[in-house]
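> Make a model of the complete structure from these sequences and hints.
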Amino acid sequence: MIKRVLQLNVILVLAFLYAPVIALVVFSFNAAEHTAVWEGFTFDWYAKLLGNRDLWRACLVSLIVAGFSTFIATVIGTMAALAIERYQFPLRSVFMQVIFLPIIVPDIVMGIALLMFYAQAHIPLGIASIIIAHVAFNISYVTIIVRARLQGFDRSMEEAALDLGANEWRTFRSITLPLIAPGVVGGALLAFTLSIDDFVISFFTAGVGYTTLPVHIYSKLKFGITPEINAISTLLLFNSIALVVLAMRKAVVSGR
Amino acid sequence: MKAWYRFNRFFRENFDNRVLILLFPALFWLVLFFLVPIASILIYSFAERGTYGGVDWTLTPGNYRRLLDPLYLGILWRSIVTAAVSTVVCLILGYPFAYYVARYQYRWRTVLLLLVVVPFWTNFLIRTYAWIVILRAEGVLNKLLVALFPDITPPELLYTPVAVHIGLIYGYLPFMILPLYASLEQIDGALIDAAKDLGAKPWRAFLNVTLPLSLPGVVAGSVLVFIPTVGAFITPDLLGGGKVNYIGNVIARQFKTARDWPFGSALSFLLMGVVLVGTVVYFRSMRGERSSGQ
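Chains as they are written, first to last, in our numbering: chain A, 1 to 256; chain B, 1 to 294.
The set of hints was computed from the structure by calculation and includes no laboratory data.
Hints may be right or wrong, so weigh each one.
Unchecked claim - Per label pair, the in silico range of CB-to-CB distance:
{"#": "1", "chain 1": "B", "residue 1": "Tyr104", "chain 2": "A", "residue 2": "Leu49", "range": "41 to 47 angstroms"}
{"#": "2", "chain 1": "B", "residue 1": "Tyr5", "chain 2": "A", "residue 2": "Ala181", "range": "39 to 45 angstroms"}
{"#": "3", "chain 1": "A", "residue 1": "Arg170", "chain 2": "B", "residue 2": "Ala182", "range": "37 to 43 angstroms"}
{"#": "4", "chain 1": "B", "residue 1": "Phe24", "chain 2": "A", "residue 2": "Gly224", "range": "48 to 54 angstroms"}
{"#": "5", "chain 1": "A", "residue 1": "Arg92", "chain 2": "B", "residue 2": "Thr279", "range": "36 to 42 angstroms"}
{"#": "6", "chain 1": "A", "residue 1": "Leu60", "chain 2": "B", "residue 2": "Arg6", "range": "38 to 44 angstroms"}
{"#": "7", "chain 1": "A", "residue 1": "Ile22", "chain 2": "B", "residue 2": "Asn17", "range": "54 to 60 angstroms"}
{"#": "8", "chain 1": "A", "residue 1": "Leu14", "chain 2": "B", "residue 2": "Phe149", "range": "32 to 38 angstroms"}
{"#": "9", "chain 1": "B", "residue 1": "Gln186", "chain 2": "A", "residue 2": "Gly224", "range": "21 to 27 angstroms"}
{"#": "10", "chain 1": "A", "residue 1": "Pro90", "chain 2": "B", "residue 2": "Ala182", "range": "31 to 37 angstroms"}
{"#": "11", "chain 1": "A", "residue 1": "Val26", "chain 2": "B", "residue 2": "Arg107", "range": "29 to 35 angstroms"}
{"#": "12", "chain 1": "A", "residue 1": "Phe238", "chain 2": "B", "residue 2": "Ile43", "range": "44 to 50 angstroms"}
Keep in mind the model is a prediction, meaning the values are calculated, not measured.
Where a beta carbon is used, it is the ideal one built from N, C-alpha and C, also for glycine.
Spelled out as structure tokens, the structure:
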């Protein structure tokens, strides 16, 4: 009896989670422009996308922002994680709390804080201003993930390398880094995803002509709902699913 | 000079060179591009809006006095209640889901958890937009309702608080399910069996054993849902159509259209306070409850 109720709840939750996604995909192939009535199958909306230069430019901006901010945040975050996990230093616990803050502070507050800071510091809004902002929130996530990996770390391997005459840098490169690599890659993947997904912070820190894809889609939404947006959304959905499946395949093959 | 010498010595004695090198980039970035901007909110919040949308650097509590206006207190209250309701609904939907996956499912466990996460690989904006496709007057839901019950007058759901709630619950449900699953899955089944062997009815065993042991998951899930929903901006903007005000929208408006940065700063400071206080109080109360329960 209880089991039946629980199963029903599972079905309801899954229906709730998938109804919007399915509606989006189905209506991206609908010939009707304004209603939810099915008026025939069409690829028109996808064809229209191909010729949309603003859209491609926004994609490019998003990729550049995500690429740069992921790289910078991964390097900085990994370094910070090593410092926290390996060394004792004054104010260590305070530093650890500061690392958590960007995750707790609401996006919108971080967005407007940076906007006002840029205005005061005379930093022009453009692509660099978005990258700086994304690094600021990504450092926290990378640090937390790499640190988790470092916590289960067997240090005897490093000691062995040092005993065998490797210097510290060499030990780091050939022992430490390969061992924490899954954490670093995981952190980088999360940072990339968060950066690509971010709308609110980009919305406040983007300069004219440097809109990321979500900001571009938002501005289109404001002009009304078109099947073209359904088509972009469907493409993005399948793109992310393909990426995640690829990443998982790779994780399974390399077997950690 | 002497102070500098002392400072220098303190540094050399307490910080390994390597720690300094490792920490410096993160500290630099977080201080300059996070802590300083957040602190500047506080400074801006005491300034005044200039005549042409600029900022007059005065020191006035005027913006905070304006916050005491029932209008803005009402908006803050609505945001908190909406976030709380969304969190509770996520808990009601998510707990049984996580419980079922952790207790009854072995074969499809990974698949079910993956199914929860898959829709969230797309952009938040798009996930929210998808609800417009369903909820609008000419949308999927109303067409379906009319097809099933021809006599019904289809409800207007889009641009109402109901739509905002649906969007928020949809947007954050996995953040509830995953931590709940993690803590339910760790519970030793032998404890529940022991309770039943000692004569406890199943619901009693649940209330006295399973539920208290899963509290860390409940806390983590609730915080993960409450924090982003209380300051939400996209969902009220798209699904509420800007017709009902929530604190996130009101803040955004001060920066995008009204150009009243000082007042927007005061609102942001208030929001940040609510989120920080909420998080701390929640963690404290849960910790207290757990230790007194044992």
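> Now tell me, hint by hint, if it's right for this structure.
Taking the hints in turn, this is what the structure says about them:
no. : hint                                       : in the structure
1   : B:Tyr104 with A:Leu49: 41 to 47 angstroms  : 44 angstroms, holds
2   : B:Tyr5 with A:Ala181: 39 to 45 angstroms   : 43 angstroms, holds
3   : A:Arg170 with B:Ala182: 37 to 43 angstroms : 38 angstroms, holds
4   : B:Phe24 with A:Gly224: 48 to 54 angstroms  : 49 angstroms, holds
5   : A:Arg92 with B:Thr279: 36 to 42 angstroms  : 22 angstroms, violated
6   : A:Leu60 with B:Arg6: 38 to 44 angstroms    : 52 angstroms, violated
7   : A:Ile22 with B:Asn17: 54 to 60 angstroms   : 57 angstroms, holds
8   : A:Leu14 with B:Phe149: 32 to 38 angstroms  : 25 angstroms, violated
9   : B:Gln186 with A:Gly224: 21 to 27 angstroms : 49 angstroms, violated
10  : A:Pro90 with B:Ala182: 31 to 37 angstroms  : 34 angstroms, holds
11  : A:Val26 with B:Arg107: 29 to 35 angstroms  : 30 angstroms, holds
12  : A:Phe238 with B:Ile43: 44 to 50 angstroms  : 46 angstroms, holds
Figure legend: structure checked against the earlier numbered hints; hints not met, in rising order: 5, 6, 8, 9.
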